[in-house]
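Asks: Okay, here's what each chain looks like letter by letter:
There are 4 protein chains.
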Amino acid sequence: MIRAVVWNEGLHERDNAKVREIYPDGLHEAIAAGLRDPDGGEEIAAETALLTDPEQGLPEERLAETDVLLWWGHRAHEQVDDAVAERVQKHVLAGMGLIVLHSGHFSKPFLRLMGTSGTLRWRVAGEAGERERIWPVNPGHPIARGIDDHLVIEGEEMYGEPFGVPEPDETVFISWFQGGEVFRSGLCWNRGAGKVFYFRPGHETFPTYRHAGVLRVIRNAVRWAAPRGGRHAQKVWRVPAEQAPEPVWRTAEAAL
Amino acid sequence: MIRAVVWNEGLHERDNAKVREIYPDGLHEAIAAGLRDPDGGEEIAAETALLTDPEQGLPEERLAETDVLLWWGHRAHEQVDDAVAERVQKHVLAGMGLIVLHSGHFSKPFLRLMGTSGTLRWRVAGEAGERERIWPVNPGHPIARGIDDHLVIEGEEMYGEPFGVPEPDETVFISWFQGGEVFRSGLCWNRGAGKVFYFRPGHETFPTYRHAGVLRVIRNAVRWAAPRGGRHAQKVWRVPAEQAPEPVWRTAEAAL
Amino acid sequence: MIRAVVWNEGLHERDNAKVREIYPDGLHEAIAAGLRDPDGGEEIAAETALLTDPEQGLPEERLAETDVLLWWGHRAHEQVDDAVAERVQKHVLAGMGLIVLHSGHFSKPFLRLMGTSGTLRWRVAGEAGERERIWPVNPGHPIARGIDDHLVIEGEEMYGEPFGVPEPDETVFISWFQGGEVFRSGLCWNRGAGKVFYFRPGHETFPTYRHAGVLRVIRNAVRWAAPRGGRHAQKVWRVPAEQAPEPVWRTAEAAL
Amino acid sequence: MIRAVVWNEGLHERDNAKVREIYPDGLHEAIAAGLRDPDGGEEIAAETALLTDPEQGLPEERLAETDVLLWWGHRAHEQVDDAVAERVQKHVLAGMGLIVLHSGHFSKPFLRLMGTSGTLRWRVAGEAGERERIWPVNPGHPIARGIDDHLVIEGEEMYGEPFGVPEPDETVFISWFQGGEVFRSGLCWNRGAGKVFYFRPGHETFPTYRHAGVLRVIRNAVRWAAPRGGRHAQKVWRVPAEQAPEPVWRTAEAAL
Numbered sequence: 001m002i003r004a005v006v007w008n009e010g011l012h013e014r015d016n017a018k019v020r021e022i023y024p025d026g027l028h029e030a031i032a033a034g035l036r037d038p039d040g041g042e043e044i045a046a047e048t049a050l051l052t053d054p055e056q057g058l059p060e061e062r063l064a065e066t067d068v069l070l071w072w073g074h075r076a077h078e079q080v081d082d083a084v085a086e087r088v089q090k091h092v093l094a095g096m097g098l099i100v101l102h103s104g105h106f107s108k109p110f111l112r113l114m115g116t117s118g119t120l121r122w123r124v125a126g127e128a129g130e131r132e133r134i135w136p137v138n139p140g141h142p143i144a145r146g147i148d149d150h151l152v153i154e155g156e157e158m159y160g161e162p163f164g165v166p167e168p169d170e171t172v173f174i175s176w177f178q179g180g181e182v183f184r185s186g187l188c189w190n191r192g193a194g195k196v197f198y199f200r201p202g203h204e205t206f207p208t209y210r211h212a213g214v215l216r217v218i219r220n221a222v223r224w225a226a227p228r229g230g231r232h233a234q235k236v237w238r239v240p241a242e243q244a245p246e247p248v249w250r251t252a253e254a255a256l
Numbered sequence: 001m002i003r004a005v006v007w008n009e010g011l012h013e014r015d016n017a018k019v020r021e022i023y024p025d026g027l028h029e030a031i032a033a034g035l036r037d038p039d040g041g042e043e044i045a046a047e048t049a050l051l052t053d054p055e056q057g058l059p060e061e062r063l064a065e066t067d068v069l070l071w072w073g074h075r076a077h078e079q080v081d082d083a084v085a086e087r088v089q090k091h092v093l094a095g096m097g098l099i100v101l102h103s104g105h106f107s108k109p110f111l112r113l114m115g116t117s118g119t120l121r122w123r124v125a126g127e128a129g130e131r132e133r134i135w136p137v138n139p140g141h142p143i144a145r146g147i148d149d150h151l152v153i154e155g156e157e158m159y160g161e162p163f164g165v166p167e168p169d170e171t172v173f174i175s176w177f178q179g180g181e182v183f184r185s186g187l188c189w190n191r192g193a194g195k196v197f198y199f200r201p202g203h204e205t206f207p208t209y210r211h212a213g214v215l216r217v218i219r220n221a222v223r224w225a226a227p228r229g230g231r232h233a234q235k236v237w238r239v240p241a242e243q244a245p246e247p248v249w250r251t252a253e254a255a256l
Numbered sequence: 001m002i003r004a005v006v007w008n009e010g011l012h013e014r015d016n017a018k019v020r021e022i023y024p025d026g027l028h029e030a031i032a033a034g035l036r037d038p039d040g041g042e043e044i045a046a047e048t049a050l051l052t053d054p055e056q057g058l059p060e061e062r063l064a065e066t067d068v069l070l071w072w073g074h075r076a077h078e079q080v081d082d083a084v085a086e087r088v089q090k091h092v093l094a095g096m097g098l099i100v101l102h103s104g105h106f107s108k109p110f111l112r113l114m115g116t117s118g119t120l121r122w123r124v125a126g127e128a129g130e131r132e133r134i135w136p137v138n139p140g141h142p143i144a145r146g147i148d149d150h151l152v153i154e155g156e157e158m159y160g161e162p163f164g165v166p167e168p169d170e171t172v173f174i175s176w177f178q179g180g181e182v183f184r185s186g187l188c189w190n191r192g193a194g195k196v197f198y199f200r201p202g203h204e205t206f207p208t209y210r211h212a213g214v215l216r217v218i219r220n221a222v223r224w225a226a227p228r229g230g231r232h233a234q235k236v237w238r239v240p241a242e243q244a245p246e247p248v249w250r251t252a253e254a255a256l
Numbered sequence: 001m002i003r004a005v006v007w008n009e010g011l012h013e014r015d016n017a018k019v020r021e022i023y024p025d026g027l028h029e030a031i032a033a034g035l036r037d038p039d040g041g042e043e044i045a046a047e048t049a050l051l052t053d054p055e056q057g058l059p060e061e062r063l064a065e066t067d068v069l070l071w072w073g074h075r076a077h078e079q080v081d082d083a084v085a086e087r088v089q090k091h092v093l094a095g096m097g098l099i100v101l102h103s104g105h106f107s108k109p110f111l112r113l114m115g116t117s118g119t120l121r122w123r124v125a126g127e128a129g130e131r132e133r134i135w136p137v138n139p140g141h142p143i144a145r146g147i148d149d150h151l152v153i154e155g156e157e158m159y160g161e162p163f164g165v166p167e168p169d170e171t172v173f174i175s176w177f178q179g180g181e182v183f184r185s186g187l188c189w190n191r192g193a194g195k196v197f198y199f200r201p202g203h204e205t206f207p208t209y210r211h212a213g214v215l216r217v218i219r220n221a222v223r224w225a226a227p228r229g230g231r232h233a234q235k236v237w238r239v240p241a242e243q244a245p246e247p248v249w250r251t252a253e254a255a256l
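Residue numbers (the working numbering), protein chains in the order written: chain C, 1 to 256; chain U, 1 to 256; chain V, 1 to 256; chain H, 1 to 256.
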């Protein structure tokens, strides 16, 4: 049983009737419902958290009991407390998985873990939508499991290269857009004991999180990112000279 | 001609007579002197910058004209302004090289670019020193040029694994310590258009920056990290639908 | 239940009394016994295969039902049929895990999968032995699970850098040797749908495969390398122009 | 002055009038002419070599004096001697650069260096052609220098993912195809002391090697891949116990 938490800023649903129509219970509930879908793989217990919750939904105790955190944010990246972003980063380094969705490329936790700009190309007035084709570059990767040939999303917002991220440890998907651009849409990084996966689709004005293939990828990613051992907090080891594994005193003497 | 700037917090030299005796002009001047050493390779123009300089030695205009920045810091990481660290990060992503030395593993610019903890193992009371052997893992790498077999430093402070950094793009050196530990002591990362090299040796109470092999590696690294084109600032490309490389209107219509 | 096969050339045990004394049933049986050790993790069903078996122990049907192959070879690399090496490579690319042990760095399957020389430094007359310390560089990695601080092997043959392999996808262990050298002793690569792990210790004249920590690492590695989906044979996709996902005829016409 | 050799199997030009019309002096001469184009960067001295030359154009002495080898092959991969492929591999590991063009993804030297299948998706009857857009994913990379936004080739053969190669050390370009596919069309790997770059475009029935942007990329790649030091042949270091950097005798004694 993998314990997942879907975090959402939850503002588009509040302010935009079109988004509310597509996701009446919020983007987070659509994603969580997808995680709960029994597909024969390891079971996922999915909860949700919102920017407006106490401690922005991510108190220390909750993160300590989360295997994989999913992050959807767009308009309110700056409203996320630095302390919350730092807390998420710390838990990822200690082993918690992190799935960053769509516009989360500019979120504080993602940028802190990447160290880069997160910049990209995008379609202004992209809400009209265009066709996206998501191609696996390694059909044998666990995150691509169950994808037959490639995924097609009829209407999505375009994101294009260059994408300002470090070279990934593994590239899983690349997207083709009708308008002529391409984007590395599924990327894996190891950071400390934790795994990070960025997955591109999911603009709020499209029913992308009801697309069976997209939800399958997200379930796959949660299982891939779940820690397989306990947490390993990053720490400093102080080793006094007299406790060194091998004797060092002679050099010390010589150095005097 | 490569334009290098050696940044140093400059506090140990001020407060510690032993350090002052080894480096009467400061660690930065010893490193800069090493960079100026004519060894037949591309010439390096080396300047220095100090924490106590105006704008902590690194105003925007200066970074804009710097090819490679070298960073030595230890006690005063917290005194470095976040704005300065962010500025350094921005210039690295746009193409400036960055060489992080020794205790700079905990410096703000390095941690911002890595996204990890920078934690490691170290010898308490390590100032007595022990022998370090620095082995190239790829003798053909440009940063290992001119190293005959391996480098030996008779007295240094031990740093040991685990080192809390992302998997490097290239591992160049690994250190053996007399006390029984090992450390990945020369590591390369690409970040945006810039290159980052971490090089381990250089505790302030040892004459490490007078060691010919260590200085050779640092010169090699500066030449490796120097940008070979102009700067490429990370940016967002906004592409209106009517300016997409290929027509997208039909999908847009279909989506309405 | 993971199906593992331990392959061994089996010649040292036949010809050398000292090796036979340490491993009366052969190196392969010692390794297989380690895999069968119930440690609370996923169960491993371990079989063995020998160079002298029909089809050198690795017929097509057997590889097709093997999740993870372990390889110990030293003297007889050249005796392994090219067809067997190619078959192993093909199954790894399709998803079979491969654990290459010690002197397997020069084996045909490993060199075929790496594309490099596999060269390294070693201690002549190394059979006298020296102390090896195996340090995790990422204690949170699944292959390092259960290792407390680091492993110590009192007597082993030294292998030192430079090790002629591609930069690994993940570095898990680095070894310290009493004689002054270091070696990247636990390295991971993804190749196609398969995972490859090289693990250094295991010279035939030492009881290394009775060392609890070494056996723990090998069990961890088998679980890490086991494929989590079916096989994905590498293949060519031929897509006729009229079956392209999007229409291509207009360009074709324009090109005439 | 970089010494480059453009190798070509040279059969399509001989047998196909359309190819001969586009490349009357052969694909190799078109590529070599592009390398000689003075663009203000480091000068490249370009020679050519053919499958039909003595020793298939690549005798040991010639490779020893070659900085970067470019490879175009398609129909005759099997005719390349294993000894020639092994020789190329050896020189790459020692520092020679290798640029593999288009259908060279199935060439012996490339597959030997990658260790993977080189398989991909392609358009049957692709000679009608379709539009390809080649996007830089890192505009600051030296191989992308001088590319304004992206390259457009009006008619090319489609290659699509999955591409059976190891995760690259750096991804430089990704291609968009009119027919709906994507492909990682510019990929970098370090192998030993040498650098390998795969660049996708260049089907023989299109005038791709007269496209200014394509030729610019190839020149950039040659400069990137040129070795910056001497050759470093991969070798084994044998270190007798009595010549170990640190004394090992005591453990040896203890082990008896």
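Errors might be hidden in some of the hints.
Each pair may be met inside one copy or between any two copies, as identical chains are not told apart.
Unchecked claim - Pairs of lysine to any residue residues, derived as SDA-like cross-links and limited to a Cα-Cα distance of at most 20 Å, are as follows:
1. Lys90 <-> Pro38
2. Lys235 <-> Gly213
3. Lys235 <-> Asp25
4. Lys235 <-> Trp122
5. Lys18 <-> Gly146
6. Lys18 <-> Ala76
Keep in mind the hints are simulated off the structure, nothing from the lab. Computed from a predicted structure; not experimentally measured.
Asks: Now, for every hint given, state plainly whether the structure supports it.
Replies: Right, here's what the structure says about each hint:
1. Taking identical chains as interchangeable, the C-alpha atoms of Lys90 and Pro38 are never at most 20 Å apart, the minima being 31 Å within one chain and 33 Å between chains.
2. Neither within a single protomer nor between protomers do Lys235 and Gly213 lie at most 20 Å apart by alpha-carbon distance, with minima of 39 Å and 23 Å respectively.
3. Neither within a single protomer nor between protomers do Lys235 and Asp25 lie at most 20 Å apart by alpha-carbon distance, with minima of 41 Å and 35 Å respectively.
4. In this assembly of identical chains, Lys235 and Trp122 lie within 20 Å of each other by CA distance solely across copies; the values are 11 Å between and 39 Å within a copy.
5. Taking the closest pair of Cα atoms, Lys18 and Gly146 never come within 20 Å of each other, the shortest separation being 31 Å inside a single copy and 43 Å across copies.
6. Proximity of Lys18 to Ala76 under the C-alpha cut-off of 20 Å is restricted to the intra-copy arrangement: shortest distance 19 Å within a copy versus 52 Å between copies.
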